[in-house]
Amino acid sequence: MIYTYKIKGNEIAVFDSETLKIWKASNNTAFDDLDSRTCEKILGDPINRPVLTLDANVLNENFDTLVLHIANCCNMQCEYCYESHSSYISAPGNMSVETAIQSLELFYSKYSHIREIKLFGGEPALNLPVIKALGEHVDQMYSANKIKSKPVFKIITNGTIMSQEFIDLVCKYQIKVVFSIDGDAALHDQLRVYPKKKNTFDVIYKNFFKLRAATDDKQPYSINATYTGIHEREGLTVNDILWKLSDIFPVPPKKINVHLVTADPVLPYSIKSANVMLKSAEDALVRAENGDSRTHTRLKAVIRRLKKGGIFTESPCPAAVTWSAVSHTGNVYPCMMFIDRDDCYMGNVKDNIFKTEEYETVYNRFHSIKKSNYERCNKCIAKNICAPCMGINEFESGDIYPRSLQSCQEYIRIVEIAIKGIAEGVW
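Note that the numbering used here gives residue 857 to position 287 of the sequence shown, counting from 1, and the numbers run on in steps of one.
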């Protein structure tokens, strides 16, 4: 379908939701019964050239992300973290080297390529032996021609542990390091603390630049921040946090990923306002129109999809299909959002799970969810862009798909803002 939006300069942005192409036209152009081909005939070349590829074979050989929960414990007690409130379902502990190697062997027995292995926790830097073993085993498999390419290793860390051994592992295995930081010292230390509320910002700040110095400024690669009701009460927007972090640390906003906290509304750190991410996108467009084109990862992903396209899949989320998460005990789940859920258990890495009933049942449950099965999705301008998290969907609406109506409407508005910014040439 063709959609039109008024933009600056008395012009109109014309958008084709099927191809993601965008044209710019004068305000008096007629747009009755247009399709993409007619638009190109009347308006000429689009201002973007997205390429949408439907690769039916991609799921057979390639796997996107394997998340390994190598530590089910942490040295911090963050206010909003499940671990700090003793709500782990499984007992705290570290993944064994044996379980880590079994995880690699299992998934490489089915897939010839794994794009990324994400080291998660708890605090994964508490388990350096497993990080070392994983790096060594991948190198051995690659040298023996058992795999054609190495996966990218990424570690999500709280940044409080920066031993020489950790730095050496990061350098040797080219691990991308993501620090979790929630703002400047005053904000961060309200949320991300050691036991007994002891502050962590100064330690993390020092370690950030220690790692930068040891890696020729390549790591940490990015920052994860959680936006909470504490930020909201301080009168700060998502963009305020992005710009603040970017000013303190040499990481551009596009490398700073802001997550909204998922919490019961009665909790003090829950977000009370609606459409927080939409407001950040609206603000980003105004800033871009005034010469500041910085964007955060959520908006940047939409802009990148509109400008470049990508592989199109009917599945709204890769959980269980091209993503999986392995708990520290070796249990396999669709992704980290469903760890320890009995109804999402897919087997254990010590077994060949891929032909078992447990695996097939969960895989089919997630894989059977198609955008085309939902009328709301079929008619949506964002159907070839949208990729919602099923775990967040379930938190908001009680079901893994579709996402809540409010969340849908907010995302559509964000897409429209991105369309306008691209048409105006500010992104």
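Mixed in with the good hints there might be a few duds.
The calculated EDC-like cross-link candidates involving lysine to aspartate or glutamate, where the alpha carbons are at most 20 Å apart (straight line), are [what the hints assert, rightly or not]:
(1) 788 <-> 802
(2) 746 <-> 834
(3) 824 <-> 787
(4) 716 <-> 631
It is worth saying that the hints were derived from the structure and are not from the lab. Note that the structure is predicted; figures quoted are calculated from it, not measured.
Verification of the supplied hints:
no., hint, result
1, 788 <-> 802, "violated, 32 Å"
2, 746 <-> 834, "violated, 32 Å"
3, 824 <-> 787, "holds, 17 Å"
4, 716 <-> 631, "holds, 14 Å"
When each numbered hint is compared with the structure, violations occur for hints 1, 2.
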